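Chemist: Same order as they appear, the protein sequences are chains A and B.
For the record, in the first sequence the residue sitting at position 103 is 103 according to my numbering, with numbers rising by one throughout.
For the record, in the second sequence the residue sitting at position 27 is 27 according to my numbering, with numbers rising by one throughout.
Mixed in with the good hints there might be a few duds.
Note that identical chains are pooled: a pair holds if it fits in a single copy or bridges any two copies.
20 Å max Cα-Cα, derived DMTMM-like pairs, lysine to aspartate or glutamate [said to hold, decoys possible]:
| hint | residue 1 | residue 2 |
| --- | --- | --- |
| 1 | K2 | E51 |
| 2 | K211 | E254 |
| 3 | K141 | E90 |
| 4 | K211 | E16 |
| 5 | K267 | D400 |
| 6 | K170 | E230 |
| 7 | K54 | D75 |
| 8 | K2 | E142 |
| 9 | K2 | E16 |
| 10 | K267 | D368 |
| 11 | K267 | E394 |
| 12 | K116 | E87 |
| 13 | K116 | D74 |
| 14 | K54 | E79 |
| 15 | K171 | E230 |
If you're looking for bench data, these hints aren't it; they were derived computationally from the structure.
Quantities reported herein were computed from a predicted structural model and do not represent experimental measurements.
There are 2 protein chains.
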Amino acid sequence: MKAEIVSIGTEILLGEITDTNAQYIASRLPMMGIDLYWVSQVGDNRARIIEVLKRAWNRSDIIFITGGLGPTADDVTRESIAEMLGEKMEIDPGLEKTLRERFGRYGFDMPLSNLKQATLIPSAQSIPNPAGTAPGWWVEKEGRILITMPGPPRELNVVWQETVQPRLEKKAESILVPRTFKLFGVSEGGAGEMVTDMLEAANPTLGIYAKADGIHLRLAAKAKTRKEAERMLAGGEERIRQIIGNHIWGVDDETLEKIVGRLLTEKRLTLAVMEDSSGGTLAPIFNEIPNSGTFFKGGLLATTDEAKKAFGVTLAVLSENKPGPDLARAMAEAARNFLKADIGISTSGSYEATKDNPMGTTFIGIADSTGSRTISRPRRQQYITSSILFELREILLARD
Amino acid sequence: MKAEIVSIGTEILLGEITDTNAQYIASRLPMMGIDLYWVSQVGDNRARIIEVLKRAWNRSDIIFITGGLGPTADDVTRESIAEMLGEKMEIDPGLEKTLRERFGRYGFDMPLSNLKQATLIPSAQSIPNPAGTAPGWWVEKEGRILITMPGPPRELNVVWQETVQPRLEKKAESILVPRTFKLFGVSEGGAGEMVTDMLEAANPTLGIYAKADGIHLRLAAKAKTRKEAERMLAGGEERIRQIIGNHIWGVDDETLEKIVGRLLTEKRLTLAVMEDSSGGTLAPIFNEIPNSGTFFKGGLLATTDEAKKAFGVTLAVLSENKPGPDLARAMAEAARNFLKADIGISTSGSYEATKDNPMGTTFIGIADSTGSRTISRPRRQQYITSSILFELREILLARD
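Assemble the whole structure, with the sequences as input and the hints as a guide.
Modeler: Shown next as structure tokens:
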């Protein structure tokens with residue numbers, strides 16, 4: 001099936017907004033075996049919209065249209081589609097009722113101009129829009145499908161997930177369902193060697209990607225229905241977990257932050273951080289984890305010796321006057337003591353290039369009731385955050 | 001002049017990247033009086049690229065093309081343009097020399113496949129690309145201009161700024177040059193009243209916008225040349241500064257952070273922060289200001305009473321146990337004392353809705369050698385940061 005996207009809105013042509021809707025839709029089509037051939041943006045101009053739509057109607061099987069469904073006179077997407085198809089717009093009593101109720105709920109009378117958002121053409125079914133006043137249109141005619149959706153990304157996303165994608169999946173000959181396994185403590189090559197035979201399989205396919213939070217294994221099953229694809233995924237997942245399960249820390253949209261927050265809460269342990277080379281960026285990450293009030297004791301940004309001393313880092317360590325494992329340990333211990341936390345974390349970085357770390361090294365200090373130690377990592381901000389979170393996860397899983 | 005943008009790349013149609021180049025170009029055309037009518041994205045497919053280009057050639061005066069200039073076989077933008085125009089690609093000896101030198105500088109032999117990046121067609125001049133190996137083409141033919149630029153945004157931006165925009169400005173009948181004045185301590189309406197007559201002027205035009213860092217006045221002059229426009233801007237700026245100059249803290253891309261950092265360095269004053277409601281987000285902002293090592297003593301994230309106590313906030317204030325002006329003052333003083341800084345800053349927020357601040361209020365504490373005080377602001381993160389920076393600027397300007 002050949003698909004085409006038409007994004008409508010003069011604000012796109014003026015460069016005031018980026019058309020992110022086209023990418024949103026484009027990224028979801030390969031999963032349903034739909035090939036996207038054309039994307040275009042056009043302003044709120046009826047003649048030019050009709051020209052673009054006619055061309056799309058002649059060359060494509062599915063046309064996705066976004067934008068121009070607002071209530072004002074410059075929103076002419078509906079009118080343009082109706083004219084292109086030679087059909088007449090009529091107010092749909094059901095849609096009008098829904099729309100009036102929507103305004104009523106917020107204590108407003110519906111402005112007359114909004115009435116055109118309650119229109120349909122004979123070949124169109126309405127697509128509900130729970131996030132706004134503009135429902136979409138689903139047109140099937142002459143063997144083609146034309147789908148019109150609201151332009152605000154929040155509305156488009158809801159309409160896509162609740163109606164458009166499920167309906168398209170029913171029509172698709174096959175659908176591709178992916179599942180991502182997130183790993184830490186293993187290299188891309190190491191993970192690859194462990195799952196070599198699965199990498200060669202045709203369905204489900206397996207891909208390996210290096211990301212900031214570790215290695216991602218992306219398993220994708222193709223089948224006639226979502227249910228069948230999910231059954232195949234379950235089989236693949238079982239094998240992956242047998243082979244490499246000890247490295248998997250999360251699936252799909254799970255994050256290390258949430259997992260660590262959950263474990264800290266469950267184990268009733270508290271945390272404090274003292275930062276140097278991470279520049280105060282760790283503290284807000286812990287602070288933003290849901291429920292952080294119960295486990296996060298506070299953050300100390302101490303880039304100067306003076307500040308470190310004030311937080312209780314001993315003079316002896318400071319007099320060495322250089323970042324390194326000793327300083328990181330002393331800082332982690334001081335954070336733990338100063339804020340009376342169960343676990344203290346610190347960062348102390350050096351810009352000195354080494355063979356392994358040409359950008360410099362960050363030393364991560366970790367102190368708990370059993371003592372303190374450091375791990376060293378290449379000096380890359382995102383990687384440091386992930387390393388700390390993963391290390392915390394390990395420590396917390398080992399606790400009763 | 002009617003313009004059209006064609007973005008080329010299969011990765012756009014797969015939804016792997018967003019076409020931000022189109023917005024980049026689109027946003028710069030109105031200044032030169034160029035009207036953008038069409039934007040389209042097409043994959044790396046010769047037949048479809050040629051179809052799109054032919055249509056563009058027939059309907060537009062200026063065609064901007066991005067992407068598909070790489071060295072590999074799937075990069076076919078040059079070949080498609082040559083075919084559409086019925087011209088032949090030839091290797092340009094000058095371009096080949098430049099390209100070989102570029103590879104030489106990095107100690108590589110040039111792969112043969114890169115040779116096509118040194119080609120031209122008879123109607124094309126080369127557009128230098130200092131940021132990459134793919135120069136662009138500037139074609140003028142049959143009263144039309146066709147401009148091909150590399151797809152990686154970093155390269156496109158350089159090529160645009162160094163060559164394309166200056167050349168287009170020379171051709172433009174008029175160009176619009178904007179200058180933005182950034183204000184604080186005045187409302188949108190208040191600023192509007194002060195400059196009423198300028199708001200009504202046709203050239204330069206004046207617009208007022210409310211932004212996170214205060215009110216922006218955007219003055220834009222239209223003239224035949226950039227020089228003439230800048231002369232008009234200078235006249236407008238003089239008037240604006242006469243009327244409202246005491247509220248202007250910066251122009252164009254100046255930021256409050258940089259201004260505060262410069263003032264702290266000049267006045268040899270130091271700063272420390274203790275945060276509650278800002279959640280640790282202020283400390284990294286100060287830490288990232290260039291030269292922060294000389295003026296930023298450190299940050300304390302203290303969301304719990306326990307942490308505040310550890311940093312020296314007195315029990316008497318804490319026992320009141322509620323966020324407010326008293327707590328904010330005590331926190332600012334404690335930050336100043338604990339880290340031995342000249343100025344202490346704190347945030348203490350309440351979610352309690354008031355008539356003025358339905359989302360709650362943030363109390364900002366400020367302590368220096370003259371004592372301590374608080375200012376209260378609506379609880380909105382970005383606005384709090386700007387308020388603190390603006391307040392610091394005022395304090396620092398008042399110092400010798």
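Chemist: Check each numbered hint from earlier against the structure, then list the numbers of those it violates in ascending order.
Modeler: Result: no hint breaks.
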